[in-house]
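Engineer: Mind docking these for me? Both chains are given alone in their own frames, and the hints should help you get the complex.
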Amino acid sequence: MTTQLPPGIQLENIDDRIMTLNVGPQHPGSGHMRLIIKVDGDYIVSCDPDPGYVHRGEEKMAEYRNYIQNIPHLERPVIHDSSNILYPYCLAVEELLGIEVPERAKYIRVIAAELNRCIYILYWLAIYGIFLGHSTMFMWPAGDRELFIDLLEAMSGARVTHAYLVPGGVRNDLPANFEERCLRQVDYFEKRLKEYQAVFYKNPILISRTEGTGILSRTDAIRLGTTGSVLRASGVNFDIRKKEPYDVYENLDFEPVVMKEGDSYARSYVPYLEMFESCRIIRDAIRKMPKSGSVRTKLKPNPKGGNDEVYKRVESGRGALGYYIVSNNRPEPYRVKISVGSFRNLICMPYLLKGELLGNMPAVYWSLNYWPVEADR
Amino acid sequence: MSSENEKDGQPSGTAESSEDVKSLSKDEAKKFYEEKGIDFSPDAPVKPKPIPQFEKSISDKIASKFSSKVTVDYVRNGRIRVSTKKEDILDVAHFIRDELGYDHAESVSGVDYPDSKEIEVVYHLGSYTDEKLANQVLTLATRVPREEIPTPGKDSSRMTSLREVFYSVEFHERECFEMFGVYFEGHPDNRRLLLPEDWADIPPFRKDFKIKGR
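So the protein sequences, as listed, match chains A and B.
Position one of the first sequence corresponds to residue 1 (the working numbering), numbered consecutively onward.
Position one of the second sequence corresponds to residue 1001 (the working numbering), numbered consecutively onward.
These aren't lab readings, by the way, just hints derived from the structure by calculation.
Watch out, some of these pointers could steer you wrong.
When the alpha-carbon atoms are kept at most 25 Å apart in a straight line, the in silico DSS-like pairs for lysine-lysine are as follows [unchecked claim]:
id	chain 1	residue 1	chain 2	residue 2
1	A	K106	B	K1049
2	A	K298	A	K242
3	A	K298	A	K106
4	B	K1049	A	K298
5	B	K1030	A	K298
One chain only, chain B, in its complex shape (with noise of 0.2 Å):
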């Protein structure tokens, strides 16, 4: 990833207006467009969108229940965020499925910033057994400490195992261990998975590590 000066953004918030195409100036640019018949504002168009009632009576119980240790990130159409410390995701995991009724998590993705010196490890939990809650996914998110030189299974990027809460984040907790060097404490089987087993260099998908010849 080439993002020397980029700012490594929270994934929320609004979009920032799109840079200038390089080679030309931004004026040459835009006669350019106009000519071609394509369209030259902004990328991502920011559309207020009204906020559902149902997500947000999920996330206000979530929100009223632990107040200041979550953070409800957005609200949107089937898909709620919050994230958490990860000292208190056992116990929000717990009420998630406990109280609100997700039963199975789909996915757990870490996703790597270097500049903040953080690895956020996304839990996407689904439900089967609430017929009201098939369309949604909550997404629960939070930071492990990332170190420069990472010494997987021995550093300070540990988190709680979710796995005695949402047992189907066996294998997803296997692969972002080896994939991003994030330890799951509690977890059984913190083997590889997807790695060759003489594989000698750092976590693949960190940031730090580049593709040959890109």
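Only chain A is shown next, with the shape it has when bound in the complex (with noise of 0.2 Å):
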């Protein structure tokens, strides 16, 4: 073969031994992605990720719509958490144009992230127990998922994507009595949330799947750049949330969870855990949130930024969430770039896969708290 491929292409040698598996695009056991992965037997030799079947630009979309009009669509890479996906933005467009955020707002926001994060993390739950063959799993979590969704349904009016947190504020106020039934539900789903371990997180086929398979070692996790659940799993005690704290976190009451094992289930336990002290935020937010008081700083119309850039982080259920936004003195940003975590703990998935069953690969896949729509963007 003696054409000129275009760059970026490149011809396989054929094995006789090795076969190459596509898992994916379109296969629900990887998600919106594929994996080529080449098999031995029954062992990955080697896995090379390669995503983009969605990828929608929703980077170069940003640079034709102003600030406010990118809110509804900046928050579609991933819905399921997408209070924390606009949250970096809002914190961003905050700094560029000089606002300030009323009180009761910022602990609003608070409180939309953390329902926001159980429903992403109940989500996944969902989908890690299934392609585990438990079926079990893959209901109870979607149906508690309803309880969040109810309520954030009550504070913004949709249930999904809800473009809640805008720059500024939030968009409307909580409803009458949202306090009493958010701390109500979020009793209840803790006393739910302590049934999954007896039937999912102690059960001997699960533990055999995933306890030691995957193993992450603190100095890869750190060298990798991982981030979120991942890194947590590793033994790296990192949560933005206590480091660089935003909006009222500082004032509020939890511990981040960090497990010294770093294999798959380290990874799967850790998000459930977070849980827990979600619902413990949420609590102490409650609590201590204003009763009354302005929930939104109104923007002028068509607002510019001026010639500066700004980098805001926060933490996702996935891990660091990054907005890095420059603008030239217009109403559109220049340019923005959205520094996902999924997309960051993608570099996993050749380290961690290679010498796996085959039959392992969901268990480890989808332990790495990786949602495909994300990191294509």
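Structural biologist: Encoded structure:
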């Protein structure tokens, strides 16, 4: 073959012994992404992640819309965690435009972000359960998720893509009696969470498939620049809510969850324990929240950022989520870069899957708390 | 991006005064907004902020080591921005990792500046191991030449990869290569990442790539 290939394309050598498998991009076992896996018998020899199946160019789209028009489409990469993906955008735009946020709005934002974190983790847990063949673990989180979706619907009016956080505060105030309703549901949810432990996390089948598989050491976790639950499951105590507190997180009482093992079991257990911490934060935030007051600082029509740049980050359900916004004195941002946890954890896949059994692929892959649509943006 | 006569500014410096609202004259607009109770002061107020001490000590270390090779663009709370020439970036990166304790890259972004014929590559670096640096993000920026007609991988838009210094840039640099056409020398795996394999257009995040219908 002598024809010139376009850049970025290579020809494969074919081996008798090694077989290449395409897992995805339309296979439910991988979400909307492709894993090019080479197997020798039942063992994975190499794994090459190929994201991009649902790349929509959110960053490019943001350059054509002004700061307010950007709100609804920027939450699309991860609709289950839409408060957390809008959070750093709001923080960044507020710093660019020099807006102060009312105190009550800061607490409402934290409550919305923590509710959304629980919704995301429950959805992820449901998928993790079903891919390990545990149907109960699909049904239970999917059902309990509705509790929090109802709460967010009461707050914002929409079930999933609510665009509730806006630069300057939140879109509208809480409905009447929200606090009692929220506390009641959080109490019920904590009771339910304890039952997950007995049915899933102490299940010998789960333990046999996840314990000791896909071990990521502390050194490697730091070197590869992983983030979120993957990093904390490898023994690094790093949570942006503690290390660089934004809004009112410094006033609230919680402890980041850290485990030392670094295997798939620890990576699946850390998000579960984080839901307890989220419940703690919600309770504390409701107690400390000012009972009345403004929830939104009005922006001027078509505001312009100066000749400036800003980088803001928050802790989302999948790890650090940063927005880098360059502004050139126009109503539209000059460049928006979204640095997402899923994309940063992508680099683990070739390392963790090498040498694993093919049957353990879903257990390792989904333990990375990876959301393909977010990684593609 | 419809920036016909906008000056292509460095993302630093002071904000310029805001333009008039197009459809109304300045006085009319002022009256209109005042009636509605909306403040008509400039959009991004420039508040002089005190320079934080700890951040200043880090930027001073870089500045004293490399003197004229680096420019410290700003020092703010938790954020430092340093820019350098692309020939020196590897030395600066080694210094930042070994002497200052930054150990991973959070993101690598390209920013296209067609007017000055340059593409800026921006590394956001953080630290997990050093407790004092946990709330710091160091921005390391450099500029590479920009070709009018890009041929990714073959033209002068290229720079040294930082993968041997910060291993975590691997996928970020691959993304930057396909989206801006900046080739990273020394990167072992300069393949496509997000774009489809049969993509035959210019790198899509350059400013001259227009979204259809806009």
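Engineer: Take a quick look at whether K298(A) and K242(A) sit within 25 Å of each other, Cα to Cα.
Structural biologist: Violated, at roughly 29 Å.
Engineer: Measure nothing beyond the straight line between the CA atoms of K1049(B) and K298(A); if it is 25 Å or shorter, mark the hint as holding.
Structural biologist: holds, 24 Å
Engineer: Given the hint that K106(A) pairs with K1049(B), does the C-alpha gap stay at or below 25 Å?
Structural biologist: Judged against 25 Å, a Cα distance of about 23 Å means the pair holds.
Engineer: With the threshold set at 25 Å, check whether the alpha-carbon distance from K298(A) to K106(A) stays at or below it.
Structural biologist: holds, 15 Å
Engineer: Could you grab the alpha-carbon distance between K1030(B) and K298(A) and see if it respects the 25 Å cut-off?
Structural biologist: holds, 17 Å
Against the hints set out earlier in the document, a violation occurs for number 2 only.
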